[in-house]
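Peer 1: Sequence:
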Amino acid sequence: MARDAESAAARAEKSLESSPSFANKQLLHAAQEHLHRTLHIESEFWRQKARFWWDVDGDRNTSFFHACVQNTRAKLTTNQVMDHSGRILTSSAEIGKAVGTYFEGLFTKAPVRADPDLLARVPRLVSEEDNEAMGSPISEAELWDALNALDPDSAAGPDGFNGRFFRGRFFRTAWRIIKDNVVEAGNAFIEGLHFPKSLLGNGVFTGFGVFLNQPFMKTSAC
Numbered sequence: 000m001a002r003d004a005e006s007a008a009a010r011a012e013k014s015l016e017s018s019p020s021f022a023n024k025q026l027l028h029a030a031q032e033h034l035h036r037t038l039h040i041e042s043e044f045w046r047q048k049a050r051f052w053w054d055v056d057g058d059r060n061t062s063f064f065h066a067c068v069q070n071t072r073a074k075l076t077t078n079q080v081m082d083h084s085g086r087i088l089t090s091s092a093e094i095g096k097a098v099g100t101y102f103e104g105l106f107t108k109a110p111v112r113a114d115p116d117l118l119a120r121v122p123r124l125v126s127e128e129d130n131e132a133m134g135s136p137i138s139e140a141e142l143w144d145a146l147n148a149l150d151p152d153s154a155a156g157p158d159g160f161n162g163r164f165f166r167g168r169f170f171r172t173a174w175r176i177i178k179d180n181v182v183e184a185g186n187a188f189i190e191g192l193h194f195p196k197s198l199l200g201n202g203v204f205t206g207f208g209v210f211l212n213q214p215f216m217k218t219s220a221c
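Sequential numbering from 0 applies to the sequence shown in numbering that gives the first Met the number 0.
Bear in mind the hints are in silico, worked out from the structure with no lab data behind them.
Only true hints are included.
Lysine-lysine pairs mimicking DSS-like chemistry, simulated, CA-CA at most 30 Å apart:
(1) 13 x 24
(2) 74 x 96
(3) 96 x 108
Listed next, with one range per pair, are the computed distances between beta-carbon atoms:
(4) 29 x 102: 49 to 59 Å
(5) 112 x 87: 29 to 39 Å
(6) 2 x 102: 34 to 44 Å
(7) 69 x 117: 54 to 64 Å
A quick note: this is a predicted structure, and the numbers were derived from the prediction, not measured.
Note that beta-carbon positions come from the ideal geometry of N, C-alpha and C, so glycine has one too.
Please work from the sequences and hints to get the whole structure.
Peer 2: Structure follows, in structure tokens:
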């Protein structure tokens, strides 16, 4: 590309010398501008290829850049490799095949052998009694104990009530009316069923929410 631009600039210069005219002068300026642009592109190309930058802008040494690229290419060339059996491979075909085999084995999932005794070695942290208790239906007593365990001075929850409200006389009186509905809703939730339509939006889920926040319920959920 640079040689073609140099030849075009030389021809334009000879044309101007043999036949001076404004048109030939414009052609020479255009050819010289194209030559400068081409030389700059070529210089930047080899400079990036060689990964070398001159300290002073404008210096140009294409032969040096060619030598740098050839030197880098020689350093990165793989002349020989050793396969899994310890044999040295030197031909390009053998090296390519060995590299393909290596990465194919690297990214191939090894067969997993199931150990039938593995579960037997895992210690039992939860007894059968505790497991059955956590999976059993919620009782009225459990919900009531969870409500009474609330800190009376705690911050108000999403419903706007703190623990002191659930220990007050008003709630204790209301509990006799809503307790069956709360227990029903709690058990429906644990079993994965829908909440009864009669309970949606009437604010009777507070006791069940408190019950789910107890430490033993969080442990069973994990």
